[in-house]
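One line per chain: the protein sequences are A and B, in this order. Here this note's numbering is used: the first residue of the first sequence is 1, the next is one more, and so on. Here this note's numbering is used: the first residue of the second sequence is 1001, the next is one more, and so on.
Do not take every clue at face value.
Okay, the calculated beta carbon distance ranges per label pair [to be verified]:
| id | chain 1 | residue 1 | chain 2 | residue 2 | range |
| --- | --- | --- | --- | --- | --- |
| 1 | A | Thr346 | B | Asp1242 | 51 to 61 Å |
| 2 | B | Ser1073 | A | Thr286 | 56 to 66 Å |
| 3 | A | Glu27 | B | Phe1297 | 52 to 62 Å |
| 4 | A | His279 | B | Asp1242 | 26 to 36 Å |
| 5 | B | Asp1242 | A | Glu27 | 49 to 59 Å |
| 6 | A | His328 | B | Lys1385 | 25 to 35 Å |
| 7 | A | Lys94 | B | Lys1421 | 51 to 61 Å |
| 8 | B | Asp1245 | A | Val292 | 34 to 44 Å |
Hint data in this document are derived by calculation from the structure and do not stem from the laboratory. Everything numeric in this text was worked out from a predicted model, so none of it was measured. We put the beta carbon where it would ideally sit given N, CA and C, even for glycine.
Number of protein chains: 2
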Amino acid sequence: MQPNKYEVNYNVRKRSKYKIGDLIKIECDTDNYIGTLMPRYQYTNHDNIIIKLQNGYNVGIPIKSVNNITKMSKQTKSNVVHQTYNAKSTTLPKVLLLSTGGTIASSLDYVTGAVSPTFDGNEIQKLIPEISKFANIDTTGIFLESSENIIPSHWKKIAKKIISYKKSQYVGIIISHGTDTMHYTSAYLSFALSGFPIPIVLVGSQRSLDRPSSDAAINLISAIRFVIGYKSQGVFVVMHEDENDSIAACHIGTRVRKNHSSKRGAFQTVGGKPAFLIHNEDGHITQNTNKVFNQKFYGGKIDLDTRVSLIKYYPGYDSKLLEYIIDHNYRAIILEGTGLGHVGNTLYESIKKAIENDIFVGMTTQCINGIIQMNVYESGRKLTKLGVTPLNMIPETAVVKAMWALGNSNNVLEMKKIMSKNVAFEFK
Amino acid sequence: MQPNKYEVNYNVRKRSKYKIGDLIKIECDTDNYIGTLMPRYQYTNHDNIIIKLQNGYNVGIPIKSVNNITKMSKQTKSNVVHQTYNAKSTTLPKVLLLSTGGTIASSLDYVTGAVSPTFDGNEIQKLIPEISKFANIDTTGIFLESSENIIPSHWKKIAKKIISYKKSQYVGIIISHGTDTMHYTSAYLSFALSGFPIPIVLVGSQRSLDRPSSDAAINLISAIRFVIGYKSQGVFVVMHEDENDSIAACHIGTRVRKNHSSKRGAFQTVGGKPAFLIHNEDGHITQNTNKVFNQKFYGGKIDLDTRVSLIKYYPGYDSKLLEYIIDHNYRAIILEGTGLGHVGNTLYESIKKAIENDIFVGMTTQCINGIIQMNVYESGRKLTKLGVTPLNMIPETAVVKAMWALGNSNNVLEMKKIMSKNVAFEFK
């Protein structure tokens, strides 16, 4: 079968008379569609024309089924970002949406093809007008960063911004955030804001809002539903549970990890189920956990000290690197060891030196799953004897907790005490 | 209900008249058992008496059901290691078992309670006499190490030993190895021995041979069945597929990772199914992969150069550490970045400097699952422009491949070429 003229046209977009952003009418065998022509979906096959319908949803139409295309109006920016949102309702609960950048706030650059942060909270709300049905949403931006560029000073900015809303009428605060390091930020906020009176939810997306099949809308709506429905405190991450649009998972902020580079269901609670599931159809929430945050007092300890080094051990790791860290004013070392919590005996001398220099040395495992047990094998026993502290938490949470514990203690003993104490359900 | 006298006795072992290693007869309500008294299983409850039966299997007998215990003979070493194995059969295929240590070759120290390597290949064979049913097995030891203490020079020793058997009658070679770093060793051997004419299988266990529920026997038997049944080449890891004793999984040596610190099914093929399943009941092998090693020529490139640094990125990672690596004669850096292959922009300058200094810089992801795509986001594009090479392989394999590629190339361009070329199905 020969390709029809639209197949040819769409596949040689540069010479096509239809441009991305054009409002077009597509007539098919069964239906007609009016919408804005969108760039094609990078991860799927290229046999569909993707348009954004005027209700905000994107659809893919098989090119083979197209009988006729009419251009209704030319490419404009407002055709791509063309949503209006409802006026505020005073009867709905108040939710604050803080924007920090990330894919959820990004757009695809039609010239280069790259995705970068572009939208603030206000624009996110325009792109997902449905959210106004659930809550009376105020939006504000903190910064506009891809999350791979977020560093601990950004974490502190977010914490300070949230604290400024401690006495507000909001039932919850949602932070839109890039996914690459969202779990590091959620771990920090879990410690720094432990006891904060209302729920705080980080939300992101794996596909930008202006692209077909974006998971942004469902993740954001689920986050809103969660903060409205959940009447307690804590820091969480809300993302798709899997590829299915009908359920979002809500993870405890210290137990979550980005375990897939591109899937919608990339975020997982390590060593357990997500704490809550949010069902998209009717909004009901299933609780999978008995871990409920109910701290009476908010301590407001938001300081951190970044003199912490995370070392992933591998055969051949040179102890000279560890020596450099010891000699350059680091105050804590988190080892991402093997198995039940080991590193090679070629590092024992340096570890001994670190501990003698009052540097905190904690052990986690690169296995991802399973706990640390440093009393089973000879190696674990020897390391314990040297003064290594077993940390039954994911390495990402351990390094963040170490920065926070270091920032809120006066000496290594005090820090060790904080590291070994449960603050925000960080222990596996 | 009061505990019976055996419950009291067993729970105060030190004062008990039954010692570990004693041959005892246990009379219960339903059955009588004769076997060697074993130490209790660390991970389960302590309500059972564990004995090793004379057929080699361990059983747990509920203390509550015990009516009488008789000591038949006193504790001897040979009571613990009491197996005899069949005389060699000339009709069975020949298999070589190389021992390197690890839990599979370990025993529990009854005094300290710690597990450490004790058995050589010969003793492993005595402890698992069943293996003589499947093959005519020769055993030899290379070294006796816990795998957390194995370093690249050990890898080379294993490769050299295997090469010395290049022209032998063995249908396959099995290496017993600790599990902590078994996947690093398997990756190295996959590269160094690519094209070696017979299959090479690494096998380990999560519980030592002298402990109840040891997975050692089933893993070893499955490995033997695999090398006998599989008529091709390649380096593999054979371990339990999950907690179930009936199926063992056989993973391609460059794609496997220890993903759980203690479970029997700890080893998983990242981003796919195990290449083969070995069914314990009848020994049949299911093939899940079309990746078949059929290299005509064995290159014998076993050299490696350990001037490679694996850096796991996290927010707050200090570029000074990267600068130290650049300034101290490292020739390759493997970044374990975030998401689709990113690190924070605070590292860009140092990465630029590394590449200008002819240091290879490769990118992997800490997500575990999913591939690298450095053309989607602005960050990925910028890093690619700086000269970072995307490596679609697990970070553990990438660091090992970099050591091997560096050891077998004369300059960074040659190395880059090796890194980007498929050698042993290492690409996800």
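Now for the hints, and whether the structure bears them out:
1. Remark: the range hint 51 to 61 Å for Thr346 of chain A to Asp1242 of chain B is contradicted by a beta-carbon distance near 34 Å.
2. Between Ser1073 of chain B and Thr286 of chain A, the C-beta spacing of about 58 Å keeps the proposed range 56 to 66 Å intact.
3. Against the hinted window of 52 to 62 Å, the Cβ-Cβ separation of Glu27 of chain A and Phe1297 of chain B comes to about 60 Å, which satisfies the hint.
4. The hint said 26 to 36 Å for the Cβ distance between His279 of chain A and Asp1242 of chain B, and at roughly 30 Å that hint holds.
5. Between Asp1242 of chain B and Glu27 of chain A the CB atoms are about 53 Å apart, so this pair conforms to the stated range of 49 to 59 Å.
6. Evaluation of the 25 to 35 Å hint for His328 of chain A and Lys1385 of chain B yields a pass: the beta carbon distance comes to about 30 Å.
7. A C-beta distance of roughly 58 Å is found between Lys94 of chain A and Lys1421 of chain B, which places it inside the suggested range of 51 to 61 Å.
8. Between Asp1245 of chain B and Val292 of chain A, the C-beta spacing of about 38 Å keeps the proposed range 34 to 44 Å intact.
Violation of the numbered hints given earlier is confined to hint 1; every other hint is satisfied by the structure.
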